[in-house]
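Asker: This is what each chain is made of:
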Amino acid sequence: MTMPLVLVAVMVVMYTAGVYLLLDRSLTRILLGFLLVGNATNLLIFMMSGEFGSAPIVGGDDDSTMSDPLPQAFILTAIVITFGVSAFLLALIYRSWRLSRILEDRVEDDRDDLEISRAETLTTEEVTEEDLEEATEFEDDLPAGSDDSDDSGTDQTGSYEGARS
Amino acid sequence: MTFLVPLVVLIPLAGAALALAVPGHRALQRGITLVALTAVSVLGIALMFIIDKTGPLIMQVGGWAAPYGISLVIDRVSALMLAVSAVVLLSVFLFSIGQGLADGDEETPVSIYYPTYLVLGAGVFNAFIAGDLFNLYVGFEILLVASYVLITLGGTAQRIRAGVTYVVVSLVSSVLFLAAIALVYGATGTVNMAQLTGRIAELPSELQLVLNLTLLIAFGIKAAVFPLAFWLPDSYPTAPAPVTAVFAGLLTKVGVYAIIRTQTMLFPHSNIDPLLMAVAGATLIVGILGAVSQLDVKRMLSFILVSHIGYMVFGIAIATSVGFGATVYYIAHHIIVQTTLFLAVGLVERQGGTTSLAGLGGLMRSSPIIAVLFFLPMLNLGGIPPFSGFLGKLGLFTAGAETESAAAYWLIGIGAAVSLLTLYALARAWTLAFWRPKMKAQETQGALRAASNEALLLREREEKLFERLQDAPDAMPTQERRGIPRLMIAATIMMIGVSLVLTFAAGPLFGFAERAGNDLTDHGKLASLVLEAKHVNGGSGSTSLSEESDHGE
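Protein chains in written order, with our numbering: chain A, 1 to 165; chain B, 1001 to 1553.
To be clear, the hints were calculated from the coordinates, so they are not data collected in a lab. Heads up, some of the hints might be wrong.
[As the list claims (entries may be wrong)] For the chain A half of the interface with chain B, some residues (derived, Cβ under 10 Å), not all of them:
1. Leu5
2. Ile30
3. Leu32
4. Met47
5. Thr77
6. Val85
Note that beta-carbon positions come from the ideal geometry of N, C-alpha and C, so glycine has one too.
Throw the hints in and build the complete structure from the sequences for me.
Answerer: Below you can see the structure in the form of structure tokens.
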């Protein structure tokens, strides 16, 4: 069984990039990582089909030069499953984003969420900082002026203290 | 009789389609789901008797002979799994009807709850009857996608957070499984388990080891064995009580079932049994230590679930027919008892308003029935003699002692200690929740909290989350006490009844399990049966339908 080197290289790159993205905290990146890893696996199945030949259609070309049809059936099924799961993931991401948007209006909850995520997974400082930055980004989006953001700032600390006591 | 084989998947799938077609009519949906689940339960139990008499039922879907087509196989192990999981699905569904009816929950998207529940069942059953690796993968995907929907039901912040962990971990394990299938296909040119039995044996042993480990890691994530179990206690407790109960009962066991198939049909001569022994021991210890340190009853039960997976892995690692027989019996026992306990906790949550031991107390006076309903499965899971938990563990320990290896003796010791610790953790929860006067609840809370700073943080966080969950569809923390619908109690009693059947019918059932164990070690026989089985029935219509619906998922 010979494998085209290009396909192997593409598969390796897709796996590498996919795993890297899966390890991210951002849900959108996880989705992209899942798509890459899933398609890399499809390529792996494809390469496992042995010698490539003509299209595996009965009554077409010579039967002896046909590709193995079974892996192609696997890939087709896997693609459909990946499609369904990524649709669900998109809905999940949207819901997650909406929840954090809504909580953003009541900033205290968001602060609390961040506290939770830090206490729970013991992530590096870097990630938490990043998340905090995102939070201020959203705050700028709010239609209300600077007065409101000041208010929410005091709210934040107040509820934060309350949560700890 | 082979026409019965695809029915176990088709009935729930058809029920799901029907239920999905009438979104507004809740009573109609409920009726359809109830009929479908009852039918499958009856079918599962009937299949147990039929197969015990006639031997494995094998169906070649669409009439394509074994190595080329898709084989559906039900042998004794699958039949027992089918029967037990169908009964569990039915009881839990009754429980959820009781809960939903009383709440009149308008926010919950129940119109998708019923079909999704049925699809989950179809996925579980499909995994149990799969005769080739790829169909097993499809079964896993069906049940996983349904479980994604169920675990994020209602879309509250907490469930989305827990759901994300669950979904991502499951996705990784699915991709690993698919890659493993690709490697197996590349190495052998087939995915039919019967044909793989012969072909894998011809491979060089290093390659066998790689394939074996890849498959085991993929299944290990699903079965939640020690180094891969971190996701379970985090994600399960947040779901509604009935959903947690059915997940805890069934989903991890599907992973264990897949491990059994891998170790018996694909790699019967594998030399990784010592590794499995070590994994089993670590799972037992780490799981139970996690459980002992929990204050939240649901989390505690989730850790106990992880811990007890260790017993099953131990049984697989023994790798004798007696060991497999004991494992099969233990799986049946554990599916039922773990589900019953989660249902009982659902009742406690409803009555006491929380699942945190810090907030529970004095339930003995207000609800003596729940006290008994929690107490019986607790003794059962802890392995107190008259119950099936004792019989299952006794079977496992006997099988382990027969091998006379040092590792087995170690595991017997660990297993006995874990059994004791299980009882300790559960009895502590029971005493605190039921016997403690309600007045003292606050004081003890303070004492317990002083134990460690981390526990304090954890507790505060969880209570915050519980508070926020107040308007959540099914979980009702810190709510007014309300009457518990009779149906919920009845469903829990029904599950306890089933667990008592495991005790009273232990003789015939253990015999059945031992014959199943013999089947498993005699892998060549099943393989040749599958490969030689001809297409018997002419019902190609129904069979092609099953294939279509599989792919539709």
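Asker: Next, verify each hint and record whether it holds.
Answerer: Comparing the hints with the structure gives:
1. Interface restraint check for A:Leu5: the shortest CB-CB distance to chain B comes to about 16 Å, outside 10 Å, so the restraint is violated.
2. Evaluation of the A:Ile30 hint against chain B yields a held restraint, the C-beta minimum of about 6 Å falling below 10 Å.
3. Nearest Cβ of chain B to the Cβ of A:Leu32: about 12 Å, over the 10 Å cut. The hint is violated.
4. Checking A:Met47 against chain B: minimum C-beta separation of about 8 Å stays under 10 Å; hint holds.
5. Evaluation of the A:Thr77 hint against chain B yields a held restraint, the C-beta minimum of about 6 Å falling below 10 Å.
6. Interface restraint check for A:Val85: the shortest CB-CB distance to chain B comes to about 6 Å, inside 10 Å, so the restraint holds.
Consistency note: the structure conflicts with the earlier hints numbered 1 and 3.
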